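Visitor: Chains as they are written, first to last, in the numbering used here: chain A, 97 to 456; chain B, 586 to 918; chain C, 1327 to 1632.
Source of the hints: derived by calculation from the structure; they are not laboratory data.
Do not take every clue at face value.
Label-pair distances were calculated between CB atoms; the ranges are [as the list claims (entries may be wrong)]:
| # | chain 1 | residue 1 | chain 2 | residue 2 | range |
| --- | --- | --- | --- | --- | --- |
| 1 | C | Arg1620 | A | Glu262 | 54 to 60 angstroms |
| 2 | C | Val1409 | A | Ile162 | 21 to 27 angstroms |
| 3 | A | Ser348 | C | Asp1397 | 47 to 53 angstroms |
| 4 | B | Gly671 | A | Lys201 | 19 to 25 angstroms |
| 5 | B | Met796 | C | Ser1392 | 40 to 46 angstroms |
Over 10 angstroms on every C-beta distance to chain B, these chain C residues come out as not near it, computed from the model [stated by the list, open to error]:
| # | residue |
| --- | --- |
| 6 | Ala1391 |
| 7 | Ser1392 |
| 8 | Ser1393 |
| 9 | Ser1395 |
| 10 | Leu1396 |
| 11 | Thr1400 |
| 12 | Arg1401 |
| 13 | Met1402 |
| 14 | Lys1404 |
| 15 | Ala1418 |
| 16 | Leu1511 |
| 17 | Val1544 |
| 18 | Trp1571 |
| 19 | Leu1573 |
| 20 | Leu1575 |
| 21 | Ala1622 |
Residues on chain B that point at chain A, a partial pick, calculated with CB under 7 angstroms [said to hold, decoys possible]:
| # | residue |
| --- | --- |
| 22 | Glu668 |
| 23 | Val669 |
| 24 | Tyr768 |
| 25 | Pro770 |
| 26 | Asn853 |
| 27 | Pro864 |
| 28 | Asn874 |
Computed from a predicted structure; not experimentally measured.
From the three backbone atoms N, C-alpha and C, an ideal C-beta is built for every residue, glycine too.
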Amino acid sequence: MRFRALSALAIVTIAACGGGDAKSGDSTVASSATSSSSVDLNGAGATFPYPLYSKWFSDYATNLSIKINYQSIGSGGGIKQLSEQTVDFGASDGPMTDEELSGAKGGTVLHFPTVLGADVVTYNLPEVTVPLRLTGAVVAEIFLGKITKWNDPRLAAENPGVALPEKDILVVHRSDGSGTTYIFTDYLSAVSPAWAAGPGKGKSVQWPVGLGGKGNEGVAGTVKQTPGTIGYVELAYANQNKLPAAHIKNASGAYIAPTIETITAAADGSAAQMGPESDYRVSIVNAPGANAYPISSFTWLLVYQRQGDAVKGQKLVDFMRWMYGDGQSSASALDYAPLPAALATQLTARLATIQVGATP
Amino acid sequence: MSQPTHGAVVEPAAPGGRSTTAQADDAIAGSSRGDGVYRFLTTAAAWAIPLLLGLITLEVVLAAWPAFETFGLSFLTSSEWDEVRGVFGAAPMIYGTVVSSVLALVLATPLALGVAIFLSEFAPSWLRTPVAFLVDLLAAIPSVVYGLWGIFVLLPFLRETVMPFLAGTLGLGNTPFFSGPAYGPSMLAAAVILAIMILPYISAVSREVLMAVPRSQREAAMALGATKWEMIRDAVIPYARSGIVGGVILGLGRALGETMAVTMLIGNRHEISSSLFAPGYTLASVIANEFAEATGALHTSALMACGAVLLGVTLLVNAIARWLVWQVAREGR
Amino acid sequence: MTSSTAPTRPRRDTGVRRATALRTAGTLTRRRAVNALMQGVMYVAALLAVLPLLLIVWHLAREGASSISLDFFTRMPKPVGEVGGGMGNAIAGTLVLLGVASAIGLPIGIGAGLYLAEQRGSRLATSVRFLSDVLNGLPSIVMGIFAWQFLVRPLGHFSATAGGIALGAMMIPLVTRTTEEMIRLVPTSLREAALALGYTRWRTSLTVVLRTALPGIVTGALVAVARIAGETAPLLFTAFGNQFWSLALDQPISALPLQIFNYAISPYDEWHRLAWAGALVLIGLVLIISLIARYATRSRFGGGGD
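I would like the entire structure built from these sequences, with the hints used as guidance.
Guide: Next comes the structure, spelled out in structure tokens:
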């Protein structure tokens, strides 16, 4: 009796070990058809839009019973896992480079802008009660480690009448591969030659100073907990955590606060750049426009053009159609700017280019 | 029913040969198909361990190879970690791993030894079990809980009390070791949490070897007129020394591989800094932070290479520790 | 100094000889004072060593206890910024992962332990014993990246199975060691008696020896389970995490340590509250298992060992 039990256990164990390897040659079609998966789609990537995405996926699950599991592991993570085909879609606020595109194992990757957001420069200075005014050049100097004290004359020049404390500036940046970083460094490279020549633009750069937080969550958390810090986070994170956002001088010379209006203003010119043939990898940092917030950006959903799994592919397309329709209306409540209507229409039409159920 | 073998002669035990259990079995019992299956299954299970270890090592080293090939020895000495330009150097992580672990040892060992001595020599018997239990329980707390507690309790305490005290009141702020702004997340924070985490391991091993010191040693010292402390210092500890060292090295091994709590407290910065107040990085933390998103074969390979270095170092340290502890165990018997 | 008899030389030349010389030089009062001081120091050391544990438990209780409610155990996480929600899926996920891990780790660990106990001196046994200790010291993050390379990437998706296997592999050395020790405690006379009565060897090993050692083996298994219940690093790249309730083995799954980690590093106070509560539940789980293990060992073997 015991022997039978033990040998059964042994066989089950060996089968479990062997079965894991025998399943190579991903049979997603078969497994999704036969197994009643509790989750319909798995996605990963950017923390930048995560507050909005988590609301979208939660609403979508409540209203339509389709469960989309999204893990905010950073834009770099989204790109990697998508390339390795361990998730069904990725999300990033830094567009994929040509090199990354060629490395994606499932073929062509399409970029679909989902919403507009902004990187805000946030800080923890209880002594300062009005929003700080900063220029791009000053921000670059701070993050280069050239300005080390809050009461530096360059900061005081931008903020007359504000009593800045004589404290060290503690810089916080991202420790993971981040689209938020991409947007921020894209902006800094545009406004500071020293930055462009130094750390440059990327999802993960060599930071001259500062400590690293994981995800927008980690940076916001560190800034919130540590007096004297300065960091960059997406607008929603600053607002949700009552963190201040600096007013940044834009290309037209005005100090602009990050709001839905100013973000939308930054995207005004971009629609013209994105015709029907565009791949939508457009940067809108340092945009012209009197009221444009200079560190605004699109964020993208990354999907394979060829969706081998018909069921999952259709669910994905359905979700994206919903996103361009009903989804956009919940964006502003969470401090994200909805896409311009014309762009949303254009993108809904573009969904047709996704080949659902195509044999690879 | 099995047949006993006729006239079986019990072979003398060859050195490194089979144990007496198996020999006795052969002498008494015959064999059956069930025995063959049983022997096969247990042998297979035993083989699983070296196979697993070998597979892990192979997999990690193979994946790490491109990075070693591209950067050569500079991977171990360079501090440049530039994803944009594709240059990777693990020196800050190696430095951080070693410094945080060694500092943790420095903080933990006196305390662990003190507790061990307390438990083996001074504690009244009613106090012994509860205190031992509480110290051992430190080992049961998951790393992520240490990290959680570290972020919300330890970091503010360090930032607001300890660091200003060290830098200001003690005036150490001018030395390179305690210079720089007090962020909170820092090498010091990582070392402190590691010290708490490895304390139970050093303490448990030390306690065992101290208790294993023969009474004759103790009585001899007492007979010579030693006070209790002198007996401990001169008779007990030197006798147990290699075992204690083994325990310390075991603690070191644990500290080197620790991931979650350190990631949450060290500040995640690719830079070697002499100051303990500065953020740093360890081999384990960089993998935890960057692995899920390392696109580009070279970045992934560089992270695997960090894993390979970590693997090599921890294997070596643990092997030394085990050997030392076994030495003592052998001598004591 | 009284020295009516010549002092017996200790077997090993420890510091006693040097100390003897010093002793004749020092005064008795000073030595007594040092002794009292060191005694005090040891008491302080014991107190300091126990302090972190007490602090941690106290903070956990203070921050987390108020959030423990039925909601916590049954609800799923809410979207960012919304109040409420719980960690029901994370707790369930941890239990699923522990189940898968045990299914892998226990049979292999017990089998290997049996082998080591019975083939005690063989070359394979000695190497396996050593390598098992080496495997025990493997950093869990390395296990995580290995599991990703081997179980996630080829299959094309994160899964509970991958996470469970990574955890199970970490259980193996612990279970092996305790199994071997427990089996060796069983007197050989028991085995020989069974064999003499005509039992086959495998039957002896399993129904007589293993059964006798079973309580100890079970507690060893429990200790191993308690240890991996709190592991986060191997799960980062295998189980991946899941916002929804899921018990499926081939899907990403949530786990208590993962969720605690994500919440702890976030800026949201709501999530911090949940993280503390989750940590309290996790520690509770680990402590209960450890206590059961300790209690069972003590009552069985009469309080031997630490």
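Visitor: State for each hint whether it applies.
Guide: Status of the hints after comparison with the structure:
1. Arg1620(C) / Glu262(A): 54 to 60 angstroms: 56 angstroms, holds
2. Val1409(C) / Ile162(A): 21 to 27 angstroms: Given about 25 angstroms between the Cβ atoms, the range holds.
3. Ser348(A) / Asp1397(C): 47 to 53 angstroms: 51 angstroms, holds
4. Gly671(B) / Lys201(A): 19 to 25 angstroms: With a Cβ separation near 20 angstroms, Gly671(B) and Lys201(A) satisfy 19 to 25 angstroms, so the hint holds.
5. Met796(B) / Ser1392(C): 40 to 46 angstroms: 43 angstroms Cβ-Cβ, so the 40 to 46 angstroms window holds.
6. Ala1391: The claim stands: Ala1391(C) keeps its Cβ more than 10 angstroms from every Cβ of chain B (closest is about 15 angstroms).
7. Ser1392: Given a closest Cβ separation of 15 angstroms, the condition holds.
8. Ser1393: 13 angstroms, holds
9. Ser1395: 19 angstroms, holds
10. Leu1396: 23 angstroms, holds
11. Thr1400: At roughly 22 angstroms from the nearest Cβ of chain B, Thr1400(C) sits farther out than 10 angstroms, so the non-interface label holds.
12. Arg1401: Arg1401(C) is indeed farther than 10 angstroms from all Cβ atoms of chain B, at 20 angstroms.
13. Met1402: 20 angstroms, holds
14. Lys1404: 20 angstroms, holds
15. Ala1418: 18 angstroms, holds
16. Leu1511: The claim holds: Leu1511(C) sits with its nearest Cβ about 13 angstroms from chain B, beyond 10 angstroms.
17. Val1544: 18 angstroms, holds
18. Trp1571: Correct as stated: the minimum Cβ-Cβ distance to chain B is 22 angstroms, above 10 angstroms.
19. Leu1573: 22 angstroms, holds
20. Leu1575: 21 angstroms, holds
21. Ala1622: Holds, since 15 angstroms exceeds 10 angstroms.
22. Glu668: At about 4 angstroms, which falls below the 7 angstroms cut-off, the nearest Cβ of chain A leaves the hint on Glu668(B) intact, so it holds.
23. Val669: Result: holds, 4 angstroms to nearest chain A Cβ.
24. Tyr768: 5 angstroms, holds
25. Pro770: Status holds, d = 6 angstroms.
26. Asn853: 3 angstroms, holds
27. Pro864: Nearest chain A Cβ about 4 angstroms off; hint holds.
28. Asn874: 5 angstroms, holds
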